[in-house]
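Asks: Generate coordinates for the entire structure from the input sequences, incorporating the hints supplied.
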Amino acid sequence: MAILFASMSGITAQSKSVSSVVKLNINNIQPIKKGDKITGYYVFYKADKVKGGDYSYKLIIYDENVEKVAKKRIIASSSLLLLEAQYNGELLCFKLYDKKEKKSKLIFYNDKAEKIYTKSYEVSKMERKMILMREQQGGSSSAPSLVPIEEKGFLDVTTVKNEKAGYQIKFYPNDKTQKGWKYASKKTSPLLEFATVMEANKNIIVCLVGAKKKMMSQNASYNVVTLDANTGKELYKIKASSPKYEESILNSYYDEGKKELTLFGNYFRKGSNVIKDNSLGIVITTVNAEGKKIGQKYNSWSKDIAKYLGPSKRGKISEIGFIFFHQFVRKADGTFYGIGESYRKTVSGAATAGKILALAAIAAGGTGSNNESSFQITVRDFYIFEFDQDKNITGVKTIEKSVSRVGLPKGAGYYGPQILAQIVKAQGGFDFSYLKTLNEGKTFAVFYQNYEKIKGEKNKSVCGVISHTDGEYLIDKIDLPTEATFTKVLPAQDGNVLFMEYYRKDKKLKMEFKKMNY
Amino acid sequence: MLISLIVKCSRSFFCFSFVLLSASLFAQSGYEYQPSQQDESKLADSKNKLDLWQKEQYKEISGKDYKEFHKERHEHLVNKIETGYYIYDDFFYVRLNKILQKIIASNPNYTNLDNTEILVERSVVPNAACYGNGIMVFNLGLISRLQNDDQLAFVISHELSHQILNHVDGSVKNKIDYLDSKEYKNKIKSIKNLEYNNNTVYESFLLDLSLKSSGRTRQKEREADSLAIVLLQNTNYKLNESLNLLAILDISDEPKYADTIDYKTQFSADSYEFQDAWLLKRNGLAVQQEYDQELIDSLKTHPDCDLRISLLEKNFKLPPLQKHEIESVFKEVTIHSDFELIHSDLLDGRYGRVIENGFVLQNYYPDNDFLTAAIGISLAEIYFAQKNHSLRQFVPLPDDDYNMNYHRILLMINNIRLSDLKKVTLAYYNKNEGIKSTSHDEQNEHLAYASYLYLKLKNSELLEKTKTDYLTLYPQGFFINKLKTNK
Ligand SMILES: [Zn+2]
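Residue numbers (our numbering), protein chains in the order written: chain A, 539 to 1056; chain B, 6 to 492.
Hints listed in this document are in silico derivations from the structure and should not be mistaken for laboratory results.
Since the structure is predicted, the reported quantities are computational estimates derived from the model, not experimental observations.
For each residue, glycine too, the CB sits at the ideal point set by N, CA and C.
Be careful, since some hints might not be right.
Heads up, incomplete: computed chain A residues facing chain B, CB under 7 Å, no partners named [stated by the list, open to error]: (1) D586; (2) K589; (3) G591; (4) K835; (5) K1053.
Replies: Written out as structure tokens, the structure is:
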């Protein structure tokens, strides 16, 4: 019998609005992930000046329904960035970077949102450059450097200074009384070495390790290294090549039951360059628990794949240009799917956005000045490659969408297709957002965002899902609201997405879940 | 008890004759629900009264913010009256206002209560409220929990006490005066001038204000409880029912019925396989909510009921609390409010709630056409909403904090694919042939709308004709707006 005044309105609208968004910027709301799952969100902002020249920051943690769970205060210098947040089922880990101190900091919270421990460390020059680049892009298009291992701990992947630049993978256990471990490139290595974690579970860590002579060198070699998750000791190493072909690695799948590793990559003529040259096709390699290759399937563009591309494109793979593979996914029935987006280099007409160009120039190692190339990348359709349980290609599904164009920095026109794809990816030039399996692994869903061009109508921005269930594809789309000053779509639990709209006039941030059809 | 016995028996041949014999009995123990009809003249009177009150009071008051408050309150209520939030019927509205008038008539010392009125709100929240301008609101969700008129009388008397004690306008005026005061302005200025921690200090100042104000609010609740008893002492309502009422409020965040719904059984059909995974929760962030002063007040709809009970016992020497059943003359009130709540949820689009409570009530009223239709309508509306991505305007995401039955239907709606949802919905209609029938009379509008949605699901060519029939048969129908906006 409280005195209710501003009582509840009609429908149980699941849209929430935060009215005091003075400090809220649409970009400081980010998801807390657990691998490819969304377990919550956080908001991070600078709150106050404190004694001694430092500042206090607020970190607000929300659960997957955007219900507030905890509020934390962090003291740091005037420029603290929150880079990433991951959850491993037991602990939450936030990775922060203090620009002034040039230090990274990991903070671990338990299931009562209490701080368990923190770790600070100096950041190498190379890593600083990469962090700043990411900050300017305002997103997280690059691979995560913080990797959760279910109920075990977290991996932190960083670039360190060696003879040249090297990598370091550090394991932080959930139980702080236990010892962590470190796996790193050799300090004396004459090469530039870099690593990405492709898989991490409580038994095994699968990393892709690359090495090249110089940053912009177009010649690199790749190895897959697997580590014992308990000790960090190398289990086995696989070189991406065979007596017949040169090979690259794009993605992996680890079968915990069979303890088999499946690697997806491109293959090339012997002696060619895996970064610069055109590939001959897709290779799928199976590796057993001892690290022995027990099967390799080569699917060539010209023969095996071309026959699935439909009459208009049959045998004319060159018309498509190149395909960039975002991810490979395995469904519950054991079939595999490779999600690709096509792109090709074209001669640019009008000048494209300057900011993007500058960023691309930094990505390419340039100075960031507005040097426009006369080339651009045209991103076109989705191609979904279907493989059976034995990794034989069984079909290719083309999903047409509107063309988008990405400008290239000067000189980039001469780069090989793989580097060009990386530049496009770093700029967010592809429409692919993320991939999920749903429906107990019987469905996979590709979430994407793009502009739809419709004749005689204004372009509209859409959020879409391409899903596959029981042998059938389904495409679902939602138009993004246009009345809002800014709109952003964040990933959300299960088949949902989280729409965020900011209205400058009312200083209002509206959040609404939408369930997509799949 | 009798009802469930018959249902069990009807499965065996032996009991067949018994079922036939008791068919008439069965109909009696069932409930023929008819939605409360809006009495337009009562609604118009109520609006006029409100307008008049606003006109007269508005002249008397001064201060821009205070005037703004009066205007907003008036607009808020008028808007809710016009959009059908309140029930002006012969059942609830008349019953509650009779009690109010009885209390007022028994307490002639209190004047200026001529224009007070109780409105019955279509809200499931077990609560009541006083707006300060003579309007008091009693939610259906509270009515459905009560056991007798004495408890109704205590709640009404309590809200009337807020009005008599000028609690609402008084606290708003105090707040406005405080925000205008030198004290407040100097405080804000001093926070702004701090060298460090301005925002943190400002936040804790605001929190402190809201804590103080909620402290005052609780004090006012106790005052209203006391005056309520004083007013009731002049009537013949039983005073110690106030203790039972508070005990009911104390557990009002729990669902009214303890039945667990087995959705798998409810939705099982030959045409598809019910997937257990539809009811599975995928784990999100398993982090406990931090203890937070700001949240504490909102956790319970009715905090400190224990304290309120002991204060009343002590101050008025009331006999101790004695739990008992719903009075038989009051049964119709609670039953009708249970059904009216489902109807309200249907009108407001809370389809998940309709399915949950529809199945719960089916345990007590099996074969009730209204319940079957309400569930069918909700399934179909959820399907259409999901199809055009407006689902979340009607159905929230699952959350462990909801009661189990509601949480599980939300899980199912969240997990199920659109094509499977269509199968489930069609199977439900096929299992309940009655809600597919296209011939109707004035008495079964819900069935008519359910069958319209069925034809829409089936993409039937009869759809337009059914729509026209509906509009002819129910020119004032509950679903006219939905029908018109449906493409
Ligand atoms: Zn009260």
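Asks: Quick one: which hint numbers does this structure break? Sort them smallest to largest.
Replies: 3, 4
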